[in-house]
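The lines below spell out each chain.
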Amino acid sequence: MVSKLLNVCAVFAITSLIVGVVAPLLVLVGRIEMKTYLFWLNLATLVWFVCGTVWITPQLFGHRFDEMTRQAFFRFKKK
Amino acid sequence: MGKLTFRSITAKLDALYEFDREPVTEDKLLNGAKFAAFFAGEHVAATEFVIGPFFVLHGVAAFDLFVGLLIGNLLAVLSWTFICAPIAVRTRLTLYWYLRRIGGPGVTLIYNVANAVLYCILAGSMISVAATAIGLGFHLPTPALTDVYPNSVAWVLIVLATGSIVVLLAILGFEKLSQFSSVCVPWLFIIFFAGAVALLPSFGQLSSLSDFWHIASTRIWTGVASPGQEKFSIWHIIFFAWFCNLAMHVDLSDMATLRYAKKWTYGLYSAFGMYPGHYLAWICSGVMMAAVAREMNPGLMAFTAAGFAGALAVVVAGWTTANPTMYRAGLALQTVTPNWPRWKITLIAGTITTILACFPVFFLRLLDFVALYGLILMPIGAVVFAEHWIFPRLGLQQYWVERRHANFNIPALLTWIITLVICFALPIHLFFKWLPGYFLALVLYSAASYVWQARTKTELLMEVAADGQ
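As you go down the protein sequences, you meet chains W and U in turn. No gaps in the numbering here: position 12 of the first sequence is 12 in my numbering, and each next residue is one more. Count along the second sequence from 1, then add 79; that gives the number in my numbering.
The shape of chain W in the complex, shown without the other chains (with noise of 0.2 Å):
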């Protein structure tokens, strides 16, 4: 359960590391307003906060939460 929590949170941290690069790039060939580009980059930057942090550093949660999402895909360093 917790190793697909940590899976889901590296697929949203990347989507949203995705949504940074190419919303700019649709206001530079003007796709969108520049309004609409700040909200979804305000946005990617909450979820990657959020899921990034638990993806990249689930020791940050304490040694259980680190031990159970060892062998979870998306795992930066597996045992």
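Accuracy of the hints is not assured; some may be wrong.
Said to hold, decoys possible - Below, simulated DSSO-like cross-link-like pairs (lysine-lysine); rule was C-alpha separation at most 30 Å, straight line: (1) U/Lys255 / U/Lys107; (2) U/Lys107 / U/Lys342; (3) U/Lys342 / W/Lys4; (4) U/Lys255 / W/Lys4; (5) U/Lys255 / U/Lys113.
Source of the hints: derived by calculation from the structure; they are not laboratory data.
Take the given structure of chain W and dock chain U to it, following the hints.
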């Protein structure tokens, strides 16, 4: 409370670095990907929000910037590869322990304290940068480019508040913060990229690469310096990009990391830090600054380019980079205290850092400070280089101080002082002083060591002869 003596201070200094006293063993060596990640994470910081904009203010031309950064960063990568990495891989020691063998405990102690003071100033400038973003919420006017002292009570209060939070968090959990900073790095790259790309259309029609180049050279890096700012040429850019991490490559601080490398060629992995951090990020922050009325206000610049995410980026970048810098300063200061606990040291280092941060001169003259930082420590890098590579070729004894159980390597100390005096007297721009200074230090140290070793040997022979009679 124990009495502070030179011996007790150096013993504490040794104990502090005890964990990395032994050379790294074969089984502990790391692969190249680890180094790529390390360098990429290390070289995107709050200072990137200031350096790129300063190039715009200093009237750098677009060609000079793009080509200058390309060459300067290449020279930095080559310095890691040909100067730092080979010594690190051959000795497998940190600079601390290698300098201990070469300079003796006395020189190492002075080096550590000098480093601590410079670290505090660097961390202070990062707190100032973070304060510009927090100040946005309070409509705080940022200091003018010529300001040395704080320009308002509000600025002091915001900096003190920001610094206090940074120090408090560092005391409560330095390790957890360090782990958290690894989460921030990829996101910071995104903010730099997104901010610059989204603001490009504000300069005009952009539908091809030639449009971009036209905008870059006529609207961003125009080649005209702002009033009161010195004009920078391509040489300034090349040298700045090269020496901006002088403390790490030529001054050999990164021996601590590169001693884990399998081969000296792993120094090339520093390109993963240089080109995204000191090329892309500097260019992006320059674009953002030019779009925001050419005003040196990192907080406002990032807020305009990336909204709350941008302002948060400035705060987080300042905070996460000030944190390890304060930790390193604390480590160095720990040696000269009577067994104070970790929290007390961090509090002292943090308080000094926060007070320094109130003076805008440190972040508004960041380019000069970075140059001074590398310059002040540079002679020690030359001393270690000479001892490692030149001494065996000249037939001089290596680690003379260690063999003699001396506290101070007098030639090293003299080289340090004389080189700096000559460097400061040289009638050339601050950015260029370190290079002739480095060669001067190599020659001075080799010559002084030759004389010192010959004199010591003569004295020993005379003592033996006197004992024999």
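Now for the hints, and whether the structure bears them out:
Annotation: proposed proximity of lysine 255 of chain U to lysine 107 of chain U holds, straight-line Cα distance about 24 Å (limit 30 Å). Between lysine 107 of chain U and lysine 342 of chain U, the direct Cα distance comes to roughly 13 Å. Compliance with the 30 Å bound is thereby established for this hinted pair. Taken as a hint, the lysine 342 of chain U and lysine 4 of chain W pair is broken in the structure, with Cα atoms around 38 Å apart against an allowance of 30 Å. About 24 Å separates the Cα atoms of lysine 255 of chain U and lysine 4 of chain W, which keeps this hinted pair within 30 Å; it holds.
Between lysine 255 of chain U and lysine 113 of chain U, the direct Cα distance comes to roughly 20 Å. Compliance with the 30 Å bound is thereby established for this hinted pair.
In this structure, only the earlier hint numbered 3 is contradicted, and the remaining ones agree with it.
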